[in-house]
Amino acid sequence: MLKRMRYQLAVFFAVIGPGFITAVVDNDAGGIFTYSQAGAKYGYLPLWTLLPITVLLIVTQEMCSRMGAVSGKGLSDLIREEFGLRPTFLIMAALVAANLTNVMANFAGVASSLELFHVSRYISVPLAAVAVWLLIVKGSYARVEKVFLFACVVYVGYIVSGVLVKPDWKEAAIYSVKPVLIMDPGYITMLIGMVGTSVAPWMQFYLQAAVVEKGISARDYAESRIEVIVGCIVMSVIAFFIIVACAGAIWSQKPQDIQNATDAALGLKPFGEYAYLLFCVGLFNASLFAACILPLSTAYTVCEGLGFESGVNHTFRTAPVFYWLFTFLIVVGGGVVLLPGFPLVKMILASQVINGILLPFVLIFMIMIVNKQRVMKEWTNSPVYNLVAWGAVVVMIGLTLALVGITVRQMVS
Amino acid sequence: MPETILYLTELVGLRVFDLKRRTLGRIKDAAIVPVLDPYRVDRFLIGSSYSWLAIRHDQVRQISLDGIFLADEQLTPYHADEYMLRLVRDLLDQQIIDAQGRKVVRVTDMTFRVAAVNGHDELRVDEVDIGMRSILRRVLQGALPRRWIRLLQSPIPPHSIPWTLTDILEPDPQRRVRLNITYRHLEEMHPADLADIVENLSPEDREAIFETIDSEVAAETLSEVEPDIQASILESLETEKAAEILEEMSPAEAADALNELEEDTKAEILDELDSEPKSEVEELLEFHEKSAGGMMYTEYIALPEDANVATALAAVREKTELLEFQNVLLLVDRAGKLKGVVPLARLFAAEAEKALRELAADDLIHVQTGARENQITELFDKYNLITLPVTHGDGRVAGVITADDVISVLRQR
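Residue numbers (our numbering), protein chains in the order written: chain A, -14 to 398; chain B, 1292 to 1704.
Read the hints as simulated data drawn from the structure, not as lab findings.
Heads up, a few of these hints could be off.
[Stated by the list, open to error] To give an idea of the interface, some chain A residues facing chain B are shown, with a C-beta separation under 8 Å as derived from the structure: (1) Ser56; (2) Arg65; (3) Gly292.
Predicted, not measured: the structure shown is a model, and the values here were computed from it.
Think of the CB as a built atom: it goes at the ideal place given N, C-alpha and C, for glycine as much as any other residue.
Could you build the full structure based on these sequences and the hints that come with them?
Now the structure itself:
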C-alpha cells in the first residue's frame, strides 16, 4: 500500500511539467492585464468567472494531454495525419501570426515592468531576447523544463502581494461563487474577454507536444491528468489573487480603467513597497516566461506539422527550420518593441482576432481526433464526457467569436 | 522539367479519357501491390459520377500532365483489397522511415517516373518527397494549373528519399504480411540509430517494429533506448516475445530493463525466461539500481593467479566481444576472491610463460556491490579507469563496471 503510494508519488513528480507550465503561462502579460483591469474596474464582482474558466481549461487541456500520452504524437502531427496538409498549413500560418504578436506583447511586458525599475527598454529587451535565445538553443529539454518550473514558482509573488493589500476577504469569498451579471456593456465585454482569452490555440499544441517530448505514456496517464488539473487550478488561484489585489488596492479607492499592467502595479504602491515590487517582478517573470515558451512552442508545432526536424535536443545544423523560426520570432517579437511609433496595441488586438478565429478550428479538430478509435484505442471520450467537452467547446467558440466581434469594432472605431 | 516524372499531387485529380477521348472521371487515389511489384502503380482509382472504378496498370496507354489515356476501357468497380497499399490514403501525410538519413519523416508527396513498357505507359514510384518544395505543391494542388506549380517550385531545391531506402510503418501484423512490409533496413542499422528512431515513434509503431525485427537486433536496440520507453515497449509486447528479447541481452541490461517495469509485468516476464538467465537476472535484481551491484556487468574474464600469459591470451580469444568495453582481466584465488587485475595491454608485451601475478597492476582498485553511484564515478575520474571490478562482501568477484555505464549515469543527471 505504502509502496504503491510512493510509486504513484514518484510518477507524479516524473510527469510534472507540461500541464503546470502550460496553465501557468496562460497568465502572461496579456492575462495579467485582463485580470488587473477586471479587478480595478469591477472589484470582486468578476471573481465567479474563474470557476467556469477552470473547468473549461481542464476539459480542453485534459484532452490534449491524453492525446499526447496515448498516441505519442503532437497535435499538429495528428491534425496532419487525419485531415491532410492544407488545413494543417493554414492553421500553422495563422498560429505563427497570432503567436508572433503574442511574443511582441510579452516583450512589451518585459520592457514596461523593468521601466518601473528605471531600466531602459533599449537595454532590457535585447538582454531578455538574448537570454531567452541562449536558454533554448544551448539547453537540453530537461534543463529548460527545470528553468520553466522555477519560473512557475515566482508566481507565488502574486499571492503574497494579494495578501499584503489586505483586501476584503469576505466579499472575495462570496463573489467567487455568486454569479453577478449586470447589463453594463463594459462589464459584459470584460467577462467575455476573461473567458475568451483563457484558452489559446498555442496552449493545446504546446501541452500535447510537451507531454510527448517528456515520454509520458498511457500507463502514466492517471498521474498526468492530476498534473493537468492541478496546473489549471493553480492558474486560477493566481488569477484570483491578481483580481483581488487590484480590487483591494484600486477599486476600493475608486473604480477606474487602467491602461496596462504597470498601472496596476503602481496602484498597489500605497500598500507598501513589497506588494508593488512583487507585482512588478511577477509581471516581468510572466512576460519573460511567455516570451520563452511562445516562440519555442510555435517552432515546435510548425516543424512537427510540416515535417521538419524539431526539438531542443537538435542543433542548428540538423534542425535549421526549427531554430530559424524560433530566432525569427524572438528577433522580430523583441525588435518591434524598440521601434518608436510601432502600433503595438493594434497588433495585439489583431492577434486576439486571429486567435479567436483559429481556436474553433483547433478545438473541433481536437475533439474529432480524440473520438477516433483508430488513434485513441480505448481512451476515446466517454459519451458523458463528450457532452461536457462539446458543451465546453461550444461555449468557448461562442465567447471567442463574441470577443472577435468586440475587438474588430474596437479596431475600426 | 521533362514530363518523364509525375508527382502524386499531380496524379490526383488528373482526368482519365476513354478510347474516344471522353472524360471518364478524375483520379482519386493510386495503389501499389507490393507482393507483385513494390514499385509499379498497379491500380488507378477514379471517382466517376456514382462510384469508384479501378484501372489496371495494363489498361493505360499514355500518361501525361494532360491526362491518362486508356487503351482498354473495361473498368471494374473498386473493391477494398487487403493487398493494396493506397498511396493517398495509406502513405500521404503518414510517417515512414528514411533508412539513409536514419530518421522518421512524414510523406508530403511522391515522385513517379513515367516509363514505357510494351507500348504503354507505367508509373513507377521513384522517391518520397519531404521539405518545402513538396509542401508548396501540396498547398497549391488543385488551386493552380499543374504546369504553373512546376514553374513556381523550380527555385526551391528538392528534398527526397529514394523509395528503395524507406521502410513503411504498419501496426497491424496481418496487413504487414499482406503488404510485404519488412524492416530489413532497420535491421541493418546501428542499434543506437535504430533506438533513436524508435524513440521518435508512437507506441504502436514501436510495438510493430519490435514484434517484427530479429530478437538479437531487438535486444541490442532495446538496451540503447531510454529507460521509460524501454518499459513501455516491454509492456506492450507479448510476454514470450519480451522474454525472448531479454534473453538476448546481457543479464545486467535485462535486469535494468526489468527494473523499470511494474511488479506484475516484471514477474510475468521473469517466469517466461529460461532458467539460466533467469537466476542471474534475479540475483542482479536484488541490488539497488543505483549501486555498483545494479550497474555492473556479470560477464568478464577471470583467471587463477598462477596462470600464465599464454593461458590468458587463449581466454581472451574466446571472449573477444568483451574486449570492446573491458580492458583488464581479473585474477582470482580458488575461492573466487579478487586478487589483482591485469591490464590487457600488458599481455601483448609479455612472454608466453610469464605468470600473470607479475603483470598485475600495483594498486587493486575495486568496489563492493553496495557502493553508490557517486563513489563509482569519482573512482573512474580519479584513476582514469575503463573497467572497475566489483566484489561481494567476502571479496568474491561479482562483476565489473565499465566506462560506458558511467557515461550513461553522468548523462542522465
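Going through the hints against the structure:
| no. | hint | result |
| --- | --- | --- |
| 1 | Ser56 | 6 Å, holds |
| 2 | Arg65 | 5 Å, holds |
| 3 | Gly292 | 4 Å, holds |
In this structure, none of the earlier numbered hints is contradicted; all agree with it.
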